[in-house]
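Those protein sequences? They're chains Y and Z, same order as listed. If you number the first sequence the way the numbering used here does, the last residue is 270 and the count never jumps. If you number the second sequence the way the numbering used here does, the last residue is 235 and the count never jumps.
Don't read these hints as lab results, they were simulated from the structure. Among the hints, erroneous ones may be present.
[Stated by the list, open to error] Looking from chain Y toward chain Z, a few residues come up when the C-beta cut is under 10 Å (computed):
no.: 1; residue: ASP(-9)
no.: 2; residue: PHE0
no.: 3; residue: VAL5
no.: 4; residue: VAL7
no.: 5; residue: VAL14
no.: 6; residue: LEU42
no.: 7; residue: SER46
no.: 8; residue: GLU48
no.: 9; residue: PHE78
no.: 10; residue: PRO86
no.: 11; residue: ASP87
no.: 12; residue: THR89
no.: 13; residue: VAL120
no.: 14; residue: LEU130
[Stated by the list, open to error] FRET-style restraints, in silico, Cβ to Cβ:
no.: 15; chain 1: Y; residue 1: ALA197; chain 2: Z; residue 2: MET197; range: 26 to 32 Å
no.: 16; chain 1: Z; residue 1: GLY200; chain 2: Y; residue 2: ASP34; range: 27 to 33 Å
no.: 17; chain 1: Z; residue 1: LEU186; chain 2: Y; residue 2: SER44; range: 53 to 59 Å
no.: 18; chain 1: Z; residue 1: TRP193; chain 2: Y; residue 2: GLU157; range: 18 to 24 Å
no.: 19; chain 1: Z; residue 1: TRP193; chain 2: Y; residue 2: PHE0; range: 21 to 27 Å
no.: 20; chain 1: Z; residue 1: VAL212; chain 2: Y; residue 2: PHE26; range: 33 to 39 Å
no.: 21; chain 1: Z; residue 1: PHE182; chain 2: Y; residue 2: SER44; range: 55 to 61 Å
no.: 22; chain 1: Y; residue 1: HIS209; chain 2: Z; residue 2: VAL212; range: 32 to 38 Å
no.: 23; chain 1: Z; residue 1: VAL212; chain 2: Y; residue 2: GLU205; range: 46 to 52 Å
no.: 24; chain 1: Z; residue 1: TRP193; chain 2: Y; residue 2: ASN35; range: 51 to 57 Å
no.: 25; chain 1: Y; residue 1: ALA(-1); chain 2: Z; residue 2: TRP193; range: 23 to 29 Å
The beta carbon of each residue, even a glycine, is placed where N, CA and C say it ideally should be.
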Amino acid sequence: MLVDHQTRWLEAFRSAVVTVTAPLYVVSNLPYAATDSLFGYIRLRQDNLSLNEQLLSLSVEAQRAHALREENARLRALLGSSERVEARLEFAEVVGVTPDPTGRSLILGKGDAHGVFEGQPVLDSDGLMGQVVEVGRYSSRVLLITDLTHVTPVLINRNDYRAMLYGTGEAAWLELRHVPETADVQAGDLLVTSGLDGRFPPGYPVAVVASVEQQPGEPFLHIRARPAAQLERSRHLVLVSRPSLEDAIQRRRSGDPPSGGPDAGSDAGWVPEPSSDGLEGGP
Amino acid sequence: MKFPDTLVIWGTLVLALLLTAAHLPAAAPEVLAWIRPDWAAMVLLYWVMAVPQRVGMVTAWCLGVLVDSLTGSLLGQHALGFVIIAFVGLSMYERLRMYSLLQQALIVFFTIALARLLGFWIDVMVRGVSWTPQILLSAVTSAMLWPFVFTLLRALRRRFRIA
Chain Y
-12 MLVDHQTRWL
-2 EAFRSAVVTV
8 TAPLYVVSNL
18 PYAATDSLFG
28 YIRLRQDNLS
38 LNEQLLSLSV
48 EAQRAHALRE
58 ENARLRALLG
68 SSERVEARLE
78 FAEVVGVTPD
88 PTGRSLILGK
98 GDAHGVFEGQ
108 PVLDSDGLMG
118 QVVEVGRYSS
128 RVLLITDLTH
138 VTPVLINRND
148 YRAMLYGTGE
158 AAWLELRHVP
168 ETADVQAGDL
178 LVTSGLDGRF
188 PPGYPVAVVA
198 SVEQQPGEPF
208 LHIRARPAAQ
218 LERSRHLVLV
228 SRPSLEDAIQ
238 RRRSGDPPSG
248 GPDAGSDAGW
258 VPEPSSDGLE
268 GGP
Chain Z
73 MKFPDTLVIW
83 GTLVLALLLT
93 AAHLPAAAPE
103 VLAWIRPDWA
113 AMVLLYWVMA
123 VPQRVGMVTA
133 WCLGVLVDSL
143 TGSLLGQHAL
153 GFVIIAFVGL
163 SMYERLRMYS
173 LLQQALIVFF
183 TIALARLLGF
193 WIDVMVRGVS
203 WTPQILLSAV
213 TSAMLWPFVF
223 TLLRALRRRF
233 RIA
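So here's chain Y without its partners, still in its complex pose (with noise of 0.2 Å):
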């Protein structure tokens, strides 16, 4: 166990093992699959009609994205700041949720085989999900963000304060801890991931602030945040990988790709690999 614990001389093992145990999931998740496709046709119609709205409402706010994805590219040019790196993304579905209450951890239908990788982010539609914390060849483990031992790097949108934020081990909450009296921190704030980690990409919705108190003798508020993504509930997630911003400027050393000068927008010298469910788009 302290091997485990300290040094990584036993993840070949545990990938192995995993790998013999992640089919026990999917069975398990039998039960929900059978009632998912008995009552699916019902479902399948109000799904289509209420997904058919969305798209379009989704597309009207893409054209105007696209516009502004444009605009935002110029004014980054203009002032000579780095470029943003487009997200490659990758769809698996939860298969399953392991059971001890006080780690909660989800279990991924896709693995080493598909390119997850350990410390892959994960999300759902509203939302930071967590991080992949251990890889077999068609299962993974996703580490929630509101587990004891998570920790993620923060900004309040509003004004870009940064700060972390720890997992408290209960499902519907997180702390903003270290944060001083002086700072300016409203419940309602939203929090998204600042990306200094180097390992979330910046941007994307972590949690909403829910109540901020300050106890008398306490150096730092206490403040209570929920989590923007459905932890619980959420059955679709999406894996984001993007190439590292070593990799950009290695390729940029070596310049094999043209660089295609400051106006290029996103990332011009990383091309996304062709995945049969893999989709190009940032965040």
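Place chain Z on chain Y using the hints.
This is chain Z only, laid out in the frame that chain Y set:
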């Protein structure tokens, strides 16, 4: 046709693992997650008690590693607990067989509670989990379900004539 005994024993153990892996619907209240009985430990304890010459510490350890991998806990955390359960089972299986179901259930409670507390102690050191008495709830439900598990597995053992 007679199945190999090992197949039957591991079949029940895998079934217990499936019950461990099964997740509750999202709408279920949180207390249900706490009161889940420790299926794998119960099935293990039964086989250790019934056929100690076949199921012992090694089986317990292997099962524990599988549970560790299922729950994502530290490799060896459940394995240690299960080895202790198997040890208790091995050291008093002759007495356990003489006990009434109620007395057996009491022993089940104490051994699973012991294994749980040990696992919790490791969690405290590694992840900083804080104490709640709820971690013992699963030992309570395991003890309450023991008579059913015991009768079911005994019927199975007699049906397949495992000795």
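We went through each hint and held it up to the structure:
A distance limit of 10 Å between C-beta atoms decides the matter here; for ASP(-9)/Y the minimum to chain Z is near 4 Å, and the interface restraint holds. The beta carbon of PHE0/Y comes within 7 Å of a beta carbon in chain Z, closer than 10 Å, and the hint placing it at the interface holds. Hint status for VAL5/Y relative to chain Z: holds, with the closest Cβ pair at about 5 Å, below 10 Å. Taking 10 Å as the C-beta cut-off, the interface hint given for VAL7/Y holds, the closest approach to chain Z being about 7 Å.
The closest approach between the C-beta of VAL14/Y and any C-beta of chain Z is roughly 6 Å, which is under the 10 Å cut-off, so the hint is satisfied. A hinted interface residue such as LEU42/Y counts as satisfied when its beta carbon comes closer than 10 Å to some beta carbon of chain Z; here the least separation is about 25 Å, so the hint is violated. Proximity of SER46/Y to chain Z is violated relative to the hint, the smallest CB-CB distance being about 30 Å (cut-off 10 Å). For GLU48/Y, the interface hint is violated, the least distance from its beta-carbon to any beta-carbon of chain Z being 28 Å, above 10 Å.
Hint status for PHE78/Y relative to chain Z: violated, with the closest Cβ pair at about 19 Å, above 10 Å. The interface hint given for PRO86/Y holds, since its Cβ lies 6 Å from the closest Cβ of chain Z, which is under the 10 Å cut-off. The beta carbon of ASP87/Y comes within 5 Å of a beta carbon in chain Z, closer than 10 Å, and the hint placing it at the interface holds. For THR89/Y, the interface hint holds, since its Cβ comes within 10 Å of a Cβ in chain Z; the closest pair sits about 5 Å apart.
At a threshold of 10 Å, the smallest CB-CB gap from VAL120/Y to chain Z is about 8 Å, leaving the interface hint in force. Annotation: interface hint on LEU130/Y holds; nearest CB of chain Z at approximately 8 Å, less than 10 Å. The supplied range of 26 to 32 Å is met by ALA197/Y and MET197/Z, whose beta-carbon atoms lie about 31 Å from each other. A hinted range of 27 to 33 Å for the beta carbons of GLY200/Z and ASP34/Y is inconsistent with their spacing of about 42 Å.
For the hinted restraint 53 to 59 Å between LEU186/Z and SER44/Y, the CB-CB distance of approximately 57 Å keeps it satisfied. Between TRP193/Z and GLU157/Y the CB atoms are about 21 Å apart, so this pair conforms to the stated range of 18 to 24 Å. A hinted range of 21 to 27 Å holds for the C-beta pair TRP193/Z and PHE0/Y, which are about 24 Å apart. Between VAL212/Z and PHE26/Y the C-beta distance comes to about 35 Å, which sits within the given range of 33 to 39 Å.
In this structure the supplied range 55 to 61 Å holds for PHE182/Z paired with SER44/Y, their Cβ-Cβ distance being about 60 Å. Remark: the range hint 32 to 38 Å for HIS209/Y to VAL212/Z is upheld by a beta-carbon distance near 34 Å. The beta-carbon spacing between VAL212/Z and GLU205/Y, approximately 38 Å, falls outside the hinted interval of 46 to 52 Å. As the Cβ distance of TRP193/Z to ASN35/Y is approximately 52 Å, the hint placing it in 51 to 57 Å holds.
One distance hint, 23 to 29 Å for the beta-carbon pair ALA(-1)/Y and TRP193/Z, holds here, with the actual separation near 28 Å.
Going through the hint list in order, the structure does not satisfy hints 6, 7, 8, 9, 16 and 23.
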